[in-house]
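Chains as they are written, first to last, in numbering that gives the first Met the number 0: chain A, 0 to 312; chain B, 0 to 312.
You may find that some hints are simply not true.
Reference listing, derived: stretches of chain A covered by chain B, where coverage requires no fewer than 3 residues with Cβ under 8 Å from a Cβ of chain B [unchecked claim]: (1) 35 to 45; (2) 115 to 126; (3) 231 to 241; (4) 262 to 274.
Quick caveat, the hints were computed from the structure, so don't treat them as lab data. We put the CB at the ideal spot given by N, CA and C, even for glycine.
Protein chains: 2
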Amino acid sequence: MKCRRCGEVAVIDLPRHNAAFCKPCFLEYFARQVQQAISKFRMFARHHRVMVAVSGGKDSLALWHWLASHGQPTVGLYIDLGIAEYSRVSRERCEAFAQRMGLQLEVVDVRQETGFSTPALAARVRRTTCSVCGLVKRYFTNRTARRLQVAAVATGHNLDDEASTLLGNVLHWQMGYLARQHPVLPAADGLVRRVKPLFTLTERETLAYCLLQGIDFLEEECPHARGATSILYKELLNRLELISPGTKHQFLLGFLRRARPSFSQAEPPPELGACRECGEPSTAEVCAYCRMLSGARRADDAFATKENKGGIT
Amino acid sequence: MKCRRCGEVAVIDLPRHNAAFCKPCFLEYFARQVQQAISKFRMFARHHRVMVAVSGGKDSLALWHWLASHGQPTVGLYIDLGIAEYSRVSRERCEAFAQRMGLQLEVVDVRQETGFSTPALAARVRRTTCSVCGLVKRYFTNRTARRLQVAAVATGHNLDDEASTLLGNVLHWQMGYLARQHPVLPAADGLVRRVKPLFTLTERETLAYCLLQGIDFLEEECPHARGATSILYKELLNRLELISPGTKHQFLLGFLRRARPSFSQAEPPPELGACRECGEPSTAEVCAYCRMLSGARRADDAFATKENKGGIT
């Protein structure tokens, strides 16, 4: 297998581009994809400081590595969800990466902030850990981004993530989500701008970037993600991609170009005010995070009261 | 396994309805689904004569059987595509069914009409047999329906067909098809009304109907359909259905209720005139069928001329 650009021995084949690349040419391909996404969708300017939300996995560390080594001013944000061993190891990877690269990393510890780990919060409010995790991450990401006054928050969502989210939104015709799914969510009423510079690159390509750049990322998925429908959607899309390379890209880009405008017109974005309790943006008087947290605290108090009365059965 | 309605021994389970039924209760369930589709979508009235497009397969014969045995005035239409053994056997099944039930069957023979079998037409105009077959069937169905002055053409499309078509339309964001995909296509400018009374019933349910009613249908798929993407889409949807029963139904019905209105607004239906050659409805001066047929004849003439000159290499 030879590199399509220079004829050297290739290290990766990309059927969807009918191409194979050697290491330098793959890194150039990768750079072009990221640069095009940033400039075409006007994600941020070269002098803007960007906060990169990192999990310790391949996508977010590839993104941070690429931005930092291309001169973009960045700060990392790691949210410690308190998911036992998984959080301990992923935090370690992020801290080691930041130290090796000489980059600033902010850490928010959910246990310190709320008094509970994410699974404990979920158990108290009787929701799935994944749904509480999403809420907590959105909340602390925005709050930290405002505090640090960054121009945008960048996340490592790749083409597989975006295509599988789109498939889920389409299978259930989630009209509001379809109206808003986009590589750029503009800033609005206290919400910091959010961007996804890797959205045209596949999982396999961000993995190759990490391997070629010697980035020490965490391979394990979060234990709570096992059996998630998003994983099934990715499998189904991979089967389609195998038979018809380019399917994921066409599905996502066709949506952005042709279908999304009709959805956005039909579903205007909700109006946001400031939460009465914490001041963060919210569609309700008290934001979902504050309601969830006070729910968890009430559940804990009820438990303690019952215990004091010897009433637990 | 017991029938949910009467407690007798069940013959089929329907996970998506969290139910199992004995033979009489399944037939009642089936009837309710068809009746609801017909009345809710105002497909046709009880006194209307309906043309049922039959292929000899389970879906179209189940539909014709159900309509005829519920007192609907019907006429069958079989289009003999000239696909060797497959067409011979499927025609036989339709003729035998019509005779047994004492129903009128119209037969259109593509070879008699055009001078070519469908695969021969496809080879001459360098298109796939499936695309020419679709064109030929739409053309002769409409022409025959106009000649017989029926109120509507009913086809046996089931939930699996409709959901897999929808998945294909969504994966490629075919905006025009998405705007028009519906269990009823109203009559317009020479196009006869088209309806799909089985669109809420699965393949497995129309199969059960045929088995329970002793309908002798053709089990083989058309040999040209092998490896078709529609079959892959059905497989993928079946995997989703297995994990989350009701997925196909929600996907299709959610589309009709929530998403389709936005598409229809963005994509108004094309204007139709009458074909200069044959008078059938067309968006162009000469319809796609007449253009295809004259293309096939030109290819044949060119072949004959070359042969006469001894110029074939």
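Consistency of the hints with the structure:
1. With 0 residues having a beta carbon nearer than 8 Å to a beta carbon of chain B, the region 35 to 45 of chain A misses the requirement of three or more and the stated coverage is violated.
2. Residue count for the region 115 to 126 of chain A with a Cβ under 8 Å from a Cβ of chain B: 0. That is fewer than the three needed, and the coverage hint is violated.
3. Interface restraint, the region 231 to 241 of chain A with chain B: holds (4 residues with C-beta to C-beta distance below 8 Å; minimum three).
4. Counting residues of the region 262 to 274 of chain A whose CB falls under 8 Å from any CB of chain B gives 3; the rule of at least 3 is met.
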